[in-house]
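K.L.:
Residue-level listing of the chains:
There are 2 protein chains.
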Amino acid sequence: MKEIRVFAPASVANVACGFDIFGFALDEPGDEIAVKLVKEPGVRIVRISGDEGVLPLDPRKNTAGVGVLKLLEHLKSEVGVEIELHKKMPMGSGLGSSAASAAGSLFAVNALLGSPLSPKELIAFAMEAEKEACGSAHADNVAAALLGGFVLIRSYDPLDVVQIPVRAELHCAVLHPKIEIRTEMARKILKNEISLSQLVVQSANAAGLIAGLLQGDLALIAKCLKDVVVEPVRAALIPHFYDIQKAALENGALGCSISGSGPSIFAIAKDRNEAAQIGYAMKEEALRNGLDCDLYLSSINQKGPKVL
Amino acid sequence: MKEIRVFAPASVANVACGFDIFGFALDEPGDEIAVKLVKEPGVRIVRISGDEGVLPLDPRKNTAGVGVLKLLEHLKSEVGVEIELHKKMPMGSGLGSSAASAAGSLFAVNALLGSPLSPKELIAFAMEAEKEACGSAHADNVAAALLGGFVLIRSYDPLDVVQIPVRAELHCAVLHPKIEIRTEMARKILKNEISLSQLVVQSANAAGLIAGLLQGDLALIAKCLKDVVVEPVRAALIPHFYDIQKAALENGALGCSISGSGPSIFAIAKDRNEAAQIGYAMKEEALRNGLDCDLYLSSINQKGPKVL
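Protein chains in written order, with the working numbering: chain A, 1 to 308; chain B, 1 to 308.
Some hints could be false.
Stated by the list, open to error - With a straight-line Cα cutoff of 30 Å, these simulated DSS-like cross-link-like pairs (lysine-lysine) come out:
{"id": "1", "chain 1": "B", "residue 1": "K36", "chain 2": "B", "residue 2": "K2"}
{"id": "2", "chain 1": "B", "residue 1": "K226", "chain 2": "A", "residue 2": "K191"}
{"id": "3", "chain 1": "A", "residue 1": "K120", "chain 2": "B", "residue 2": "K226"}
{"id": "4", "chain 1": "A", "residue 1": "K306", "chain 2": "A", "residue 2": "K2"}
{"id": "5", "chain 1": "A", "residue 1": "K120", "chain 2": "B", "residue 2": "K270"}
{"id": "6", "chain 1": "A", "residue 1": "K131", "chain 2": "B", "residue 2": "K226"}
{"id": "7", "chain 1": "B", "residue 1": "K226", "chain 2": "A", "residue 2": "K188"}
{"id": "8", "chain 1": "A", "residue 1": "K61", "chain 2": "A", "residue 2": "K178"}
{"id": "9", "chain 1": "B", "residue 1": "K188", "chain 2": "A", "residue 2": "K191"}
{"id": "10", "chain 1": "A", "residue 1": "K36", "chain 2": "A", "residue 2": "K70"}
{"id": "11", "chain 1": "B", "residue 1": "K88", "chain 2": "B", "residue 2": "K120"}
{"id": "12", "chain 1": "A", "residue 1": "K306", "chain 2": "A", "residue 2": "K36"}
{"id": "13", "chain 1": "B", "residue 1": "K188", "chain 2": "A", "residue 2": "K226"}
{"id": "14", "chain 1": "B", "residue 1": "K246", "chain 2": "B", "residue 2": "K191"}
{"id": "15", "chain 1": "B", "residue 1": "K270", "chain 2": "B", "residue 2": "K306"}
{"id": "16", "chain 1": "A", "residue 1": "K2", "chain 2": "A", "residue 2": "K76"}
{"id": "17", "chain 1": "A", "residue 1": "K226", "chain 2": "B", "residue 2": "K191"}
{"id": "18", "chain 1": "B", "residue 1": "K131", "chain 2": "A", "residue 2": "K226"}
{"id": "19", "chain 1": "A", "residue 1": "K188", "chain 2": "B", "residue 2": "K191"}
{"id": "20", "chain 1": "A", "residue 1": "K191", "chain 2": "B", "residue 2": "K191"}
{"id": "21", "chain 1": "B", "residue 1": "K88", "chain 2": "B", "residue 2": "K188"}
{"id": "22", "chain 1": "A", "residue 1": "K270", "chain 2": "B", "residue 2": "K120"}
{"id": "23", "chain 1": "A", "residue 1": "K226", "chain 2": "B", "residue 2": "K226"}
{"id": "24", "chain 1": "B", "residue 1": "K120", "chain 2": "A", "residue 2": "K226"}
{"id": "25", "chain 1": "A", "residue 1": "K2", "chain 2": "A", "residue 2": "K61"}
{"id": "26", "chain 1": "B", "residue 1": "K70", "chain 2": "B", "residue 2": "K39"}
Said to hold, decoys possible - Just a few of them, taken from the derived set where beta-carbon distance is under 10 Å, the chain A residues facing chain B:
{"id": "27", "residue": "C17"}
{"id": "28", "residue": "L152"}
{"id": "29", "residue": "I153"}
{"id": "30", "residue": "R154"}
{"id": "31", "residue": "Y156"}
{"id": "32", "residue": "L213"}
Everything labelled a hint here was simulated from the structure, so no lab data went into it.
The model shown is predicted, which means the values in this text are computed figures rather than measured ones.
Glycine included, C-beta positions come from ideal geometry on N, C-alpha and C.
Work out the full structure, taking the sequences as your base and the hints as a guide.
P.N.:
See below:
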């Protein structure tokens with residue numbers, strides 16, 4: 001095999017109660033990435049589409065290239081790769097766009113080279129790409145994008161990612177308001193200090209969400225999908241966030257919060273029909289308030305990137 | 001049935017990463033409580049042993065009485081009870097002594113009255129007793145003592161307790177240094193503010209511990225039994241805490257931290273033999289440093305109080 005084309009999933013990080021520790025991948029949207037092995041060593045990004053011309057072709061400055069450069073170096077590869085990146089998801093949306101590109105290109109190159117590394121081993125390389133894109137080496141999006149399913153980043157040093165099986169019926173509605181929130185800004189406005197009582201509430205919900213997911217307890221999942229630390233601060237960056245959240249919850253969402261650093265808003269639903277109903281209610285509420293947006297409906301991606 | 005004698009378990013609260021949200025019950029030590037139904041309404045504590053004379057016979061001031069008073073009132077009971085309380089565990093030790101007395105007397109009275117309430121429903125009454133004893137209505141010890149097993153206090157308002165099944169092989173070594181730490185003091189020295197990065201680490205470990213317990217993953221449990229918020233502060237109240245903790249970990253403990261507000265130190269072990277080895281190492285280390293102490297070895301109590 002000399003060429004491969006893969007789908008790399010968008011992902012939802014934080015998941016309400018799990019700031020910097022929880023993430024899950026979606027079955028749509030995502031990137032499509034085509035990779036070709038070539039004799040000439042190194043990484044060349046030969047084509048990018050769907051980015052409105054903003055992403056660099058320089059592989060050292062594009063998340064689709066950074067991780068692969070490190071991977072080829074690590075494997076002491078004598079061959080090189082050519083990458084085509086087709087963005088089929090919004091960038092700067094809080095849906096892990098840079099992570100999808102990093103995960104997809106790493107998955108593709110690793111597969112072409114005979115899968116010398118496991119998906120878990122690829123996470124560290126994808127984190128290097130995230131560092132280039134976002135300024136910090138976060139793992140919540142890239143781990144979800146590479147492994148699929150729901151992930152807990154238990155520790156960064158050393159990196160320890162725990163996979164949490166999720167019921168296949170669970171679906172997600174994601175509303176992407178077409179406004180820009182810069183990740184640095186979304187991080188800067190967070191308070192560096194929180195109260196002990198916020199810790200108690202937030203960690204109880206984080207622990208409870210894991211119990212709910214593992215035990216398939218939808219009522220428990222719903223009770224735990226709350227964020228008393230980050231959402232109250234970042235909601236101010238998203239016009240009509242609380243109206244949209246209310247519409248989601250009133251239409252049966254198990255929970256609804258900000259995806260990553262926003263502006264996308266995710267809602268978890270017990271099945272596809274509910275997700276559709278919830279998603280349309282969210283979109284209607286956004287449009288009523290003059291907020292232009294896109295809606296995605298997706299199952300929870302169970303496997304990470306896939307070969308197309 | 002007019003009389004009953006029950007065992008009510010000691011319990012370990014916080015469990016390293018779960019400040020105010022995690023607890024589990026022990027099979028020993030604990031209280032023995034004898035309760036008799038009598039015609040005359042009200043609650044009388046007729047005998048207390050093992051308390052070195054410090055506990056009050058006034059049922060409104062003794063946790064064995066407070067909860068029962070509320071329960072009889074709630075049930076509009078026309079009969080009364082006489083309670084004998086035999087303390088067979090240390091008080092003020094961080095092992096939930098007041099919670100054991102509250103849980104045991106409530107369990108006994110409820111059983112004598114034909115079990116009108118479930119163990120979960122008794123928690124609110126036991127919390128009233130805790131409020132009298134400790135000044136605040138904490139649920140971590142009483143919920144563990146009433147339900148057995150490992151509990152997550154997911155929320156206080158409304159009260160929501162999640163039971164987490166635990167492998168029967170897991171054992172616990174508990175070292176009780178014979179020093180006094182007042183609960184108010186142990187709480188007062190905590191910082192009211194913590195950093196966002198402490199939240200990330202602590203909630204990741206709390207979520208991971210639940211995953212480890214539910215999936216029976218001992219390695220994960222061991223990695224998560226860490227406390228970056230409370231232990232670093234309270235360790236200063238327990239002479240040679242870190243030496244004792246080191247002895248436990250070097251002898252194979254999955255984790256070792258302060259039980260509740262201390263001074264007791266618990267270590268979790270994968271089976272009874274390991275718990276014994278760990279416990280003796282902890283005790284040896286304490287004694288070497290001139291710290292007088294008692295050692296308890298116990299399985300994780302799976303059922304809460306039991307009829308003797």
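K.L.:
Against this structure, judge whether each hint is valid.
P.N.:
Hints, verified against the model:
1. Distance check on the hinted pair: K36 (chain B) and K2 (chain B) sit about 6 Å apart at the alpha-carbon level, within 30 Å; holds.
2. A hinted pair counts as satisfied when its Cα atoms are at most 30 Å apart, and K226 (chain B) with K191 (chain A) qualifies at roughly 24 Å.
3. A distance of roughly 24 Å separates the Cα atoms of K120 (chain A) and K226 (chain B); the hinted pair therefore holds under the 30 Å criterion.
4. Taken as a hint, the K306 (chain A) and K2 (chain A) pair is honoured in the structure, with Cα atoms around 17 Å apart against an allowance of 30 Å.
5. Of the supplied pair hints, the one linking K120 (chain A) and K270 (chain B) holds, its CA atoms being roughly 27 Å apart against a limit of 30 Å.
6. Under the criterion of a C-alpha separation no larger than 30 Å, the hint pairing K131 (chain A) with K226 (chain B) is consistent with the structure, at around 27 Å.
7. With a C-alpha separation of about 28 Å, the suggested pair K226 (chain B) and K188 (chain A) falls inside the 30 Å cut-off, and the hint holds.
8. A distance of roughly 25 Å separates the Cα atoms of K61 (chain A) and K178 (chain A); the hinted pair therefore holds under the 30 Å criterion.
9. Our distance criterion of 30 Å between C-alpha atoms is met by K188 (chain B) and K191 (chain A), whose separation comes to about 23 Å.
10. Restraint check for K36 (chain A) and K70 (chain A): satisfied, since their Cα atoms lie roughly 17 Å apart, inside the 30 Å limit.
11. The straight-line distance between the Cα atoms of K88 (chain B) and K120 (chain B) is roughly 24 Å, inside the 30 Å bound, and the hint therefore holds.
12. Restraint check for K306 (chain A) and K36 (chain A): satisfied, since their Cα atoms lie roughly 16 Å apart, inside the 30 Å limit.
13. A distance of roughly 28 Å separates the Cα atoms of K188 (chain B) and K226 (chain A); the hinted pair therefore holds under the 30 Å criterion.
14. Annotation: proposed proximity of K246 (chain B) to K191 (chain B) holds, straight-line Cα distance about 25 Å (limit 30 Å).
15. Pair hint K270 (chain B) plus K306 (chain B) holds up; C-alpha atoms about 24 Å apart against a cutoff of 30 Å.
16. With a CA separation close to 18 Å, the supplied pair K2 (chain A) and K76 (chain A) stays within the 30 Å bound.
17. At most 30 Å may separate the alpha-carbon atoms for a hinted pair to count; K226 (chain A) and K191 (chain B) meet this at roughly 24 Å.
18. With a C-alpha separation of about 27 Å, the suggested pair K131 (chain B) and K226 (chain A) falls inside the 30 Å cut-off, and the hint holds.
19. The suggested pairing of K188 (chain A) with K191 (chain B) holds, with an alpha-carbon distance near 23 Å, which does not exceed 30 Å.
20. In summary, the hint linking K191 (chain A) to K191 (chain B) is supported, as the alpha carbons are separated by about 16 Å, within the 30 Å threshold.
21. Under the criterion of a C-alpha separation no larger than 30 Å, the hint pairing K88 (chain B) with K188 (chain B) is consistent with the structure, at around 28 Å.
22. Using a Cα cut-off of 30 Å, the hinted pair K270 (chain A) and K120 (chain B) holds, with the two alpha carbons roughly 27 Å apart.
23. The suggested pairing of K226 (chain A) with K226 (chain B) holds, with an alpha-carbon distance near 24 Å, which does not exceed 30 Å.
24. Between K120 (chain B) and K226 (chain A) the alpha-carbon distance is near 24 Å, which keeps this suggested pair within the 30 Å criterion.
25. Taken as a hint, the K2 (chain A) and K61 (chain A) pair is honoured in the structure, with Cα atoms around 25 Å apart against an allowance of 30 Å.
26. Taking the CA atoms of K70 (chain B) and K39 (chain B), the gap is near 18 Å; set against the 30 Å cutoff, the hint holds.
27. Given hint, C17 (chain A) at the interface with chain B, holds; its Cβ is 8 Å from that chain's nearest Cβ, closer than 10 Å.
28. For L152 (chain A), the suggested interface contact is upheld, since its CB lies about 5 Å from the closest CB of chain B, less than 10 Å.
29. Because the closest C-beta pair between I153 (chain A) and chain B is about 7 Å apart, less than 10 Å, the hint holds.
30. Checking R154 (chain A) against chain B by beta carbon gives a least distance of about 4 Å; that is within 10 Å, so the hint holds.
31. Taking 10 Å as the C-beta cut-off, the interface hint given for Y156 (chain A) holds, the closest approach to chain B being about 9 Å.
32. With 10 Å as the threshold, the beta carbon of L213 (chain A) comes within range of chain B, its nearest partner Cβ sitting at about 9 Å, so the hint holds.
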